[in-house]
Every structure is written in structure tokens, then in C-alpha cells.
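Assemble the whole structure, with the sequences as input and the hints as a guide.
From first to last, the protein sequence lines are chains A and B.
The opening residue of the first sequence carries number 1 in the working numbering; numbering runs sequentially from there.
The opening residue of the second sequence carries number 1 in the working numbering; numbering runs sequentially from there.
Don't read these hints as lab results, they were simulated from the structure.
There may be inaccurate statements among the hints.
Stated by the list, open to error - In silico DMTMM-like pairs for lysine to aspartate or glutamate, Cα to Cα no more than 25 Å straight-line:
hint, chain 1, residue 1, chain 2, residue 2
1, B, LYS114, A, GLU180
2, B, LYS54, A, ASP86
3, B, LYS114, A, GLU90
4, B, LYS179, A, GLU165
5, A, LYS43, B, ASP111
6, A, LYS61, B, GLU220
7, A, LYS43, B, ASP102
8, A, LYS131, B, GLU134
9, A, LYS139, A, GLU35
10, A, LYS139, A, GLU65
11, B, LYS114, A, ASP196
12, B, LYS114, A, ASP86
13, B, LYS114, A, ASP73
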Amino acid sequence: MQQSNSYIIIFAAILTVVIGGLLSMAAIGLKPFQEVAIELDTKKQILGAVTELKDGDDVLKIFDEKIKSIVIDFDGNTVADMNPIDLNMEKEYKKAPKDRLYPVYMYMNEKDPKKVDSYIIAMFGNGLWDKIWGYLAIKPDLNTVVGIALDHKGETPGLGARITETTVKDRYKNKKILSENGFLVGIEMMKGERNDPSLFGPNQVDGLSGATLTAVGVNKMIKKYASYYQAYFHKVKSSQSVATN
Amino acid sequence: MSTETLEKPIEKKSEAMLSKRRKKIVSDPLVDDNPITIQVLGICSALAVTVQMKPTLVMAIAVMFVTVFANLIISVLRNVIPNRIRIIVQLAIVAALVILVDQMLRAFLYDVSKVVGVYVGLIITNCIIMGRLEAFAMGNKPWDSVLDGLGSGFGYGWIILAVAFFRELFGSGSFFGFKVFEAIGWESYVPNGLMVSPIGAFMILGLIIWVQRYKTGYVEH
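Written out as C-alpha cells, the structure reads:
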């Protein structure tokens, strides 16, 4: 067997180039498929916040039919010619809140295509280990929650990662982000897990045992993003009162 | 009448594709020399991904793919790999294959890739693969190495599928997502939480090892 140093070095160099080249080609070739997969997953999450999706549902079709999406800025003004699906939440998160762009997905009514059944806002934040994000679906009263979608990059399996569980997400249904006096309080996931829904008020949900820090991250994320969308909500509210007058 | 006996030149018969020896290469790792239950390798992924059958099947196929192709490539290159860097070269080949599998999963089976995500990456550290490369592929011909890869892959695969079968059945009441207990009329089956946690996996694995060693009479020395 050849043992000379130059042979070893040349062998290693060639191996590196060949493997590197193959993997790069694979990454480039697979990228369009991966992007489609991520888009499908994002749309599934958004729809999952408002409605029950069954296996076999054509997610893309339902999304195109029932979701009207716009991009807004911090002042609530619509930004033209932008598709919210293309917004990179993580990149936006790096900017100051007033410089960010925010997506709004409106779940339209089946019978009246002008009526909005729920407004879905996007959220982004920090869990215990890495980023977390989600979508909050709110009724036209801009207070009551229809549903929530939550996801994470690297929370602990069995602990923080439980935010993706249906049983946890269901806790948010019909909770409110405003207090009785109309102040924005968000929804607080309490410390500890009691498994008794009757213990919690309209602005609280049961916690996650052993995942307090992730829960704190979720709480902050909901409150912050609900506040960023306030200018937009004011606009929606005033157009609602114009419409009913 | 001529009674010449023709001296046939002694031909070296080439071994059949699936000769007895070769069949043994594939069949040994299934029971007698099973990587998980006898050699006790690759346990971590056996505990982690086996909560449900579907990701487990994907994981089994991924490990088999990597084992077979790594064995093949290393065996083909076995005479040119410099001895002093052979472990690193094996590692590089395995890592490249695993990255390929991971990228393919992300492109075509995205929701499954979210479940098996980290553990696909950990295939690189799966001792079964490096163990077979060192013990077999470095010293054997390509086809034999492919068979060895298939054997180890199947040996690993059937064990994790068995664990997943029990975990999904008792932990979620389903089989590949199909709700079994509801189908036979037992609507209120309460899922067994122990089966969903890795502790349940550990226990089932222990039971399988017990049954298997009882049947084969294998005793560790």
C-alpha cells in the first residue's frame, strides 16, 4: 500500500474536491424542491391556525382560494407588490420593529368573499435554545383568538418542543389578547402545568411543565407582535365602523 | 473406440452471486449477529425515532442506503485509500452520503424530515456503519460488501420497526397512522404514555433482546 506523504495529501485533496462538488450539485439541484416543501409547510401552518386540515387536503389550493394576503409596515399601511410568503421573518426580526414588514393573512368567508373571517398575523421570537415562530389567527373583533400555530428550530424534545402539540395549541382557542379594559395584554402561558382549564382567565393558558423558558418566549412573542400590528388593527377597526355605519 | 480422457483444465469456478457463504453474510446480521441486539450498536436512534412507524421506516431505509453505498464505495477504493487516513476517509464518505439523504428528505418528504431531522444527521455517528466499514468493507470485495451492508441494514431495520410497531400501537393506538383500536370498536383506548417516551423504547428493546438471546442461546462472555 502506498505510504508516501505526497500520495496521502493528493488523495485527500482529490477526495475533498470530488465530495464537495457532488454535494454542491445535489444542493443546487434539490433547492427548488426544498423551497416548495417549505412553502407548503408554511401554508399548512397558517391554515392550521384557522381551520382543521385533513390528510389529503390540497393545502395549496385551499390557501389560494381562501387566504388573501398582504404585506404591511409598522404604521399599518399596505406595501404594494409584495407577497407575504416571500417575507423572511428571521431577516425582518433583525431590524428594529418600526422598520420591519409584516405579513397579514386574511381567511375569507365562504359565502361573502369580501368578509374576513379571521386575521392571521405572523410572529417570531426566541425560545430557550433557538428561534421560535408562529401564526395567530384572530376574529374580526381583533381580540378573540381562533387558533394558533407554533413552531421552533431547536427546543428540547418533550419539553419546549411541545409547543407544536395540538393539545397545547388548542388551549389558545377563544382566549383574548385584550384585557377587559381594552388594554393589550397578550396571552400568558402560566408557569407549571395544572391540566385544569377552568383555572385560567381569558388572557391565560396552562403552562408546560419543565419548559417555562420556552413558554416565556412564546408569551413575549405573542405580546410583542400583537403590539406591532396595532396600527394596522386600528385601521381595520375604523374601516369596520365605517362599513357598519 | 478411443478411451481418451480429456484432461479438463482446472477452472476456478467463480462464486455464485448468492452462494451459501454470501447468503450467510446477509442473514447473519438479521438474528445471530444482529447489530442492535447482539452487538448493541446504534441504540440512540433506535430509542429516539421509533415513536411512530412512518419515520422509523424512513430511518431504516436511510441507514440501509448509507450502509450499502458506503460499503460499496469503500470496498471499491479499499486498495487505494492510504492506510494512515483511512478512518477519516471512511468518515468523509459516510458523511457525504448522510448529507445527501438529509437533503433529499428535506426536498421530498419535508414533514417526515422534521420528525427524523437530527437523527438522520446522527447516522454519521452510528457505530454500525463505521464498524462494518472497518471490519468488512476494507478487506472484502465490492459485491460481498454490498451484501454485508444489506444484512446490517436489514438487521438494524427490522429491530427498529419492531420497536416502533409496539410503541405506536400502545402509545398512540395506531399503525402507520391508521387508528387500529378505533377500527375494532375500542373507541376509548387511552394511549400509554410510557410507550411514547424513550423509556418505553428501552424496555421493548430489552424484551426483544431477551427473547432473541433465549432463542439463539447467545451468551455474552
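Hints, one by one, checked against the model:
Proximity of B:LYS114 to A:GLU180 is assessed by CA-CA distance (about 40 Å); at most 25 Å being required, the pair is judged violated. The suggested pairing of B:LYS54 with A:ASP86 is violated, with an alpha-carbon distance near 31 Å, which exceeds 25 Å. Restraint check: the Cα-Cα separation between B:LYS114 and A:GLU90 comes to about 19 Å, which is no more than 25 Å; the hinted pair holds. At most 25 Å may separate the alpha-carbon atoms for a hinted pair to count; B:LYS179 and A:GLU165 meet this at roughly 18 Å.
At most 25 Å may separate the alpha-carbon atoms for a hinted pair to count; A:LYS43 and B:ASP111 meet this at roughly 13 Å. Taking the CA atoms of A:LYS61 and B:GLU220, the gap is near 59 Å; set against the 25 Å cutoff, the hint is violated. At most 25 Å may separate the alpha-carbon atoms for a hinted pair to count; A:LYS43 and B:ASP102 meet this at roughly 22 Å. Distance hint between A:LYS131 and B:GLU134 is unfulfilled; the C-alpha atoms sit about 40 Å from each other, more than 25 Å.
A distance of roughly 31 Å separates the Cα atoms of A:LYS139 and A:GLU35; the hinted pair therefore is violated under the 25 Å criterion. Annotation: proposed proximity of A:LYS139 to A:GLU65 holds, straight-line Cα distance about 19 Å (limit 25 Å). Of the pairs offered as hints, the one joining B:LYS114 and A:ASP196 is violated, with about 31 Å between alpha carbons and a cut-off of 25 Å exceeded. Our distance criterion of 25 Å between C-alpha atoms is met by B:LYS114 and A:ASP86, whose separation comes to about 21 Å.
With a C-alpha separation of about 32 Å, the suggested pairing of B:LYS114 with A:ASP73 is violated against the 25 Å cut-off.
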